[in-house]
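Engineer: Given next are the chains, with one letter for each unit.
Number of protein chains: 2
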Amino acid sequence: MPHLDPYFKEVDGLQGKFIDRLKSAVAIPSISSEDERRTDVVKMGEWLAEQIRAVGGTVELRQLGKQPGREHLDLPPVLLGRYGNDPNKKTILLYGHYDVQPAQKSDGWATDPFTLTMDDKGRMFGRGSTDDKGPVLGWINAIEAHQKAGVEVPVNLIMCFEGMEENGSEGLDNLIEEEAKKFFKDADVICISDNYWLGTEKPCLTYGVRGCNYYSIEVSGPGQDLHSGVYGGMTHEPMTDLIKIMGSFVDPDGKILIKGIDDLVAPLTDEEAALYPPIAFTMNDLHESLGSEVSIYDNKDDSLKHKMRYPSLSLHGIEGAFYTPGAKTVIPAKVIGKFSIRTVPNMEIDAVTQLVEKHVNEEFARLRSKNKMKFNVVHCGKWWVEDFNHPNYTAAAKAVERVYGVKPDMTREGGSIPVTLTFQAQLGKNVLLLPMGSSTDAAHSINEKLDKRNYIEGTKLLGAYLHYVAGELVHPSK
Amino acid sequence: MPHLDPYFKEVDGLQGKFIDRLKSAVAIPSISSEDERRTDVVKMGEWLAEQIRAVGGTVELRQLGKQPGREHLDLPPVLLGRYGNDPNKKTILLYGHYDVQPAQKSDGWATDPFTLTMDDKGRMFGRGSTDDKGPVLGWINAIEAHQKAGVEVPVNLIMCFEGMEENGSEGLDNLIEEEAKKFFKDADVICISDNYWLGTEKPCLTYGVRGCNYYSIEVSGPGQDLHSGVYGGMTHEPMTDLIKIMGSFVDPDGKILIKGIDDLVAPLTDEEAALYPPIAFTMNDLHESLGSEVSIYDNKDDSLKHKMRYPSLSLHGIEGAFYTPGAKTVIPAKVIGKFSIRTVPNMEIDAVTQLVEKHVNEEFARLRSKNKMKFNVVHCGKWWVEDFNHPNYTAAAKAVERVYGVKPDMTREGGSIPVTLTFQAQLGKNVLLLPMGSSTDAAHSINEKLDKRNYIEGTKLLGAYLHYVAGELVHPSK
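From first to last, the protein sequence lines are chains B and D. First residue of the first sequence? That's 1 in the UniProt record's numbering, and the numbers climb one at a time after it. First residue of the second sequence? That's 1 in the UniProt record's numbering, and the numbers climb one at a time after it.
No lab work stands behind these hints, which were simulated from the structure alone. Don't take every hint at face value.
Since the list gives no way to pick one copy over another, a pair counts as held whenever it fits inside one copy or between any two copies.
Below 27 Å or equal to it, Euclidean Cα-Cα: the simulated BS3-like pairs (lysine-lysine) are [as the list claims (entries may be wrong)]:
1) Lys407 x Lys358
2) Lys259 x Lys370
3) Lys105 x Lys23
4) Lys300 x Lys372
5) Lys305 x Lys259
6) Lys374 x Lys255
7) Lys17 x Lys182
8) Lys452 x Lys478
9) Lys334 x Lys305
10) Lys429 x Lys17
11) Lys185 x Lys121
12) Lys23 x Lys334
13) Lys334 x Lys300
On a predicted model such as this, the values are computed, not experimentally measured, just so you know.
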């Protein structure tokens with residue numbers, strides 16, 4: 001059993017510095033989906049590179065050129081880092097992202113989203129705190145604590161931290177393909193900390209994620225917005241058409257109404273069904289993280305299956321319509337509906353898109369409207385499933401037990417992390433998801449947070465994992 | 001026939017000053033539906049009062065107290081003005097409004113919405129240029145040109161200019177009721193310039209307007225916005241419910257699907273049907289003002305009937321959902337759908353609201369969702385129809401023929417002007433709508449404009465009307 005106590009002690013001792021590090025990261029509004037924030041995304045990448053160099057790592061900020069379809073924008077650089085280069089050590093590839101979802105105080109945040117703010121319960125609120133700046137900094141914290149403790153990092157580390165994860169990871173797949181046999185060639189396994197525990201107390205290891213096909217529908221007609229009193233009744237209104245189409249996708253109970261989608265879903269096997277009952281998760285956990293009791297199913301197992309291994313369809317919003325408070329009597333001239341489908345085995349991206357496009361075209365044709373409709377694929381990321389009997393997982397399970405004193409749940413994640421698939425396909429190495437945050441962290445929402453406990457114990461976990469995986473890769477215990 | 005040439009000559013001579021006056025008015029962003037613009041609405045009222053005093057009128061800015069339901073806001077004052085007080089003259093009550101619809105350059109305006117900008121075709125672009133600052137200033141221009149020409153204004157004028165027309169005319173009805181037998185008691189007839197010609201060449205007199213019932217539906221469930229990957233499939237999503245309800249109101253061809261609404265509509269009589277064929281309006285006019293050919297009907301008469309004497313339902317937008325460009329994988333926690341119904345004889349406000357609320361409640365119940373739904377009445381204004389054989393209309397028709405050389409179309413308007421009804425009911429006097437702008441002015445839209453011709457000839461028209469109505473009220477010609 002690795003001698004980790006001196007390392008753990010240093011992590012505790014350095015926690016103030018680690019929290020300041022996260023505060024500095026959250027202060028940079030690196031929103032990858034907003035043009036005017038692109039410079040902040042780049043700034044964040046450069047700041048992160050400095051942090052890695054400061055602990056003795058080497059870093060290249062790899063430029064990816066213009067953003068496809070939005071050539072006025074440069075893609076943010078991918079941070080390619082290395083720590084340690086000992087041919088006698090195994091090498092772990094770490095992935096994370098330094099960009100964040102959009103956030104404005106006016107969305108309803110209790111505190112400024114870009115000022116990390118800790119409350120008396122040790123909850124650290126701020127955009128990116130848990131998704132994914134906290135976990136990324138966790139690796140740097142782990143290296144620093146090893147050095148301070150005089151404990152050698154038992155593996156070589158290769159880092160791949162991107163700045164477009166919240167916006168389709170544009171350009172990353174090409175880079176991974178190019179570097180698979182070069183910069184990434186020494187990687188024995190891959191570890192990604194970019195998801196969440198199922199509940200708030202018990203850690204988990206994640207061996208699968210859903211994919212995401214994100215679409216938009218643009219309906220346009222009038223040359224400009226119109227007065228609904230002057231033109232209402234004589235004009236085909238784009239909103240009427242769009243709302244009809246958007247209303248045809250899914251039932252309130254989550255059932256997807258697009259013909260053929262269900263046929264693509266792999267049937268639930270008895271072996272797989274048996275995985276769910278042991279998972280430590282309650283409807284109370286779910287209701288707490290929802291902030292209400294609007295769950296579709298009344299039991300834990302069905303809820304988890306529909307989060308982990310069945311598809312879902314969400315309507316995100318409409319661009320171009322009236323969206324502020326107050327009453328505007330307008331007929332919007334052009335509206336763009338946004339929606340996405342979470343995909344699971346065996347739904348192929350293009351097969352899903354063909355069914356969705358066919359459905360949208362048929363629904364619009366039924367309306368016999370004179371407006372114009374355009375269906376767009378915004379971005380797609382495939383689902384991923386991994387072998388959880390691999391030493392990579394055995395090591396992580398032991399690290400969890402060492403730090404938290406419990407065996408982790410083995411889970412699949414609802415949110416897509418497309419890069420898992422690319423690493424698996426291009427490097428042919430085992431990929432592990434080792435989450436730091438908990439189910440109440442509200443990633444992508446207002447008041448996103450990371451608990452201090454998850455950040456500090458999580459830093460211990462990431463460090464401990466490096467020791468156990470070094471051992472398991474040489475002498476597997478199963 | 002009144003001797004008007006000297007007056008007309010002065011209007012032409014003063015046109016530069018009149019355009020500068022409109023420029024100054026447009027520069028004040030008096031948006032009544034946005035809290036943070038309320039001070040600008042008040043500022044606009046004070047500026048307008050100064051303009052009237054400068055031509056010798058007397059003005060009171062009548063305070064109306066707090067805005068009901070939004071008590072942190074004071075209602076903008078109603079401008080009560082007087083010009084002339086000769087017991088031997090007839091008295092005309094003028095109504096208009098000095099507030100405007102929301103506007104931002106980013107909505108797609110070609111020019112700054114609050115900088116009046118004239119192009120080489122004499123189109124003066126700016127929010128409020130045609131709705132309703134241009135027409136209101138037309139009355140002041142007319143008084144000034146009379147004075148400069150040494151022609152006596154043949155009637156007394158009472159002015160009622162409000163600052164909440166675009167936001168439900170809050171507080172105005174009470175004021176009119178209170179002042180009916182006081183400040184407004186001398187009024188012989190009422191004239192309102194706050195609508196538009198049907199086309200671009202031929203003026204019209206308007207004897208009816210549709211009403212407007214504006215509603216919102218709030219659907220909420222989760223305690224905060226959620227990550228669609230983490231929670232999609234296990235949660236009742238407010239957007240799914242709202243879109244289903246909003247999709248149940250109206251067909252793309254404009255047919256309202258709310259049970260019982262059609263039964264409230266007065267049947268079309270033969271006499272009424274005969275009014276439509278003579279109207280100078282073509283499908284080309286409609287398509288030009290639409291900026292496209294997305295008209296529901298292929299002929300002028302049906303198009304006009306559905307604009308003037310049949311109801312319509314428009315979906316305006318959704319508050320609380322994702323509305324910016326880009327891709328956000330969010331499940332919005334609370335969304336508010338906005339829609340309105342344009343009403344016609346004999347649809348009573350409360351009867352319509354009861355049918356709509358019943359429909360909304362039934363649709364939501366059918367969804368069997370665990371989310372909460374709240375139906376809200378935002379504001380309602382009733383339809384209005386007037387006797388167009390009254391001297392008030394005869395006078396206006398003669399003024400149109402004098403200034404433009406054509407007989408006006410007799411029309412009913414699509415957009416609601418609730419105050420017409422209040423004046424009719426409280427004062428028991430004939431109300432005339434005498435529009436200045438044309439059908440291509442794009443009120444409530446981006447690139448709202450008023451043609452220089454309509455502004456200057458329109459100022460002549462308003463002045464000429466005062467002379468003809470003075471005569472007709474004493475010796476009716478029919």
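Engineer: Next step is simple, just say for each hint if it's right about the structure.
Structural biologist: Status of each hint after checking the structure:
1. Lys407 x Lys358: neither (46 Å within a copy, 54 Å between copies)
2. Lys259 x Lys370: Classified as both; 25 Å inside a copy, 26 Å across copies.
3. Lys105 x Lys23: This pair counts as within: shortest intra-copy Cα distance 17 Å, inter-copy 35 Å.
4. Lys300 x Lys372: between (44 Å within a copy, 23 Å between copies)
5. Lys305 x Lys259: So Lys305 and Lys259 pass the 27 Å test inside one copy only (21 Å; across, 40 Å).
6. Lys374 x Lys255: For Lys374 and Lys255, both the intra-copy (25 Å) and inter-copy (24 Å) Cα distances are at most 27 Å.
7. Lys17 x Lys182: neither (35 Å within a copy, 74 Å between copies)
8. Lys452 x Lys478: Intra 34 Å, inter 86 Å, cutoff 27 Å: neither.
9. Lys334 x Lys305: Between copies only: 25 Å across chains, 38 Å inside a chain, cut-off 27 Å.
10. Lys429 x Lys17: Classified as neither; 34 Å inside a copy, 78 Å across copies.
11. Lys185 x Lys121: neither (44 Å within a copy, 67 Å between copies)
12. Lys23 x Lys334: neither (41 Å within a copy, 30 Å between copies)
13. Lys334 x Lys300: This pair counts as between: shortest inter-copy Cα distance 25 Å, intra-copy 42 Å.
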